[in-house]
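A.B. asks: Chains as they are written, first to last, in our numbering: chain A, 1 to 272; chain B, 273 to 544.
Derived from the structure by calculation, the hints contain no laboratory data. It is possible that some hints are incorrect.
Stated by the list, open to error - Selected chain B positions facing chain A (in silico; Cβ < 7 Å):
no.	residue
1	PRO423
2	ASN430
3	ALA433
4	ALA435
5	ARG437
6	LYS484
7	GLY485
C-beta: ideal position from N, C-alpha, C; glycine also.
Below are the chains, spelled out letter by letter.
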Amino acid sequence: MNNEGFAVEADDLSCTLNGHQVFGHLQLQMPEGALVGVFGPNGAGKTTLFRALLGLVPARFAQLRLLGTELRTARRQIGYVSQRESAETEGRLSAATYVAAAWRGERWGWSGSRAARRQAVHDALAQVGAVQLAGLSLGKMSGGQRQRVRIAQVLVNPPRMLLLDEPLNNLDPQSQQSLLQLAHRFCREQGMTVLINAHDINPLLPYMDNVLYLANGGGRFGSVDDLLHTPMLSELYGAPVRVVEHDGMVSIRVDTGFVAEQHHHCGEHAHV
Amino acid sequence: MILGLEYAFMRHALAAGTAISVVAASVGYFVTLRRQAFAAHALSHVGFTGAAGAILLGLSPYLGLFAATLLVALGLAWSGRRLSERDVGVGMLLMFSLGLGVLFLNLYTTNATAAMNILFGSIVAVTAGQAWLSVGVAAVVLLGLGLIVRPLLFMSLNEEAAAGRGVPVGLLHTVFLILLALTAAIAVPIIGALLIFALLVGPPAAAQALNKGAYSGLVIAVAMGVLETWGGIACSYYIGYPASTWIATLSFVVYASTKIIERLSRGRSVVG
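Could you build the full structure based on these sequences and the hints that come with them?
C.D. replies: So this is what it looks like as structure tokens:
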């Protein structure tokens, strides 16, 4: 089987929302167990790509296989942590309740034992190092703590792939680092595939295996080394970019100054 | 005999009151979780309009109640899942239906008591037929809620993750609005369109202040609702004054007490 070993295998994947093509003709071959950084300006379709992989928005494709199978079968094995927090994350329910609600949460009626549910909740919270938060209300947590509990909620039904939509937003650098280390550990120790959307490449550089960047209605997938070829980066940022190596730490600088977000280009620029 | 159970009207009042307080607290628990209190408020008010219209046409007020609340519930569901959480759209609907309600009352001037009964409830005027209808509809709503409770809880806490795992969130949103409409339709003649929050929102909000679990909170809410209803009927029987007033008062006192307890325990945990 030639598709074995790929978490996402897409041929000519396109998505159109409200008559506007968000992205088109993506060719993706994401190896299983990889940590993939997804970058691009606002409106380039980072979130839409995640939602398309889950079947939440309509997509067209010549072929789309997730975790070696069809989308409909695969999505039960995908954990999706959306960018938008639900109202209850401001509320009073405990972290344990929040995580438990997702345990086989798609089933009808009453089923499953309480002991099994409790064990699953404990294991999920333990994986993100949040067991001590079990009894705490979500509304009383810090952003970093809440993000961990939200990840625990998708781990309660053990997934093979994680989609984390802008998980680093509103986190201080230390919380960002520990979250990325967590994602990295899931890949290395459990062979999970993790896709992370982000604005800034630099925090992810030490952790990611592959890069997907979306811009101008298209996208490019490659290894981190491919990315570090400056022309590709400049195309991504729409500005001259330098890769700086200092004390073994690689970082990316845009010549206009700080790595700033570029406006979405509407024109049909030449891109591959 | 205790609580005047030798009288048929008291037996009917207790049967209908118990059924309605159980179903209102159960459905109301999800109303507060899903932040749909305003939609619930609007549904009970269109129930008033429906009942007033039915009386004007010489029909049973229940016919108008069910027709109006179900129609508006379907309208809310059809107009988009977000609308029922949007204050302005729901508020406009509420305004329009109350305007119609005033017209119906204006056209039907011969019996002002009927209007008062719909607005403020008349639990001791419950007939045997009304009591049986209330118990039957309450049983149907509870059965429906029991069937969807797991995916409903999951999507109430994290709609996007639930959708990603294949929960039919649009369908469940509609089903829940229908259950809410049925609840409002049987509760309005008993507790009154203007006082429905006493059973629908008061007990769940009080339970959530005391308990961070979902199912345990639900059980506490139901217990509170039933005790408040029985207490209200008892006070009305032994002391006098309308039962609706007593139920509303008890609901408010319990809610306020839990708020004070919550505030005090939070203060203590900060100090300790």
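A.B. asks: Okay, which hints does this one fail, numbers in order?
C.D. replies: none
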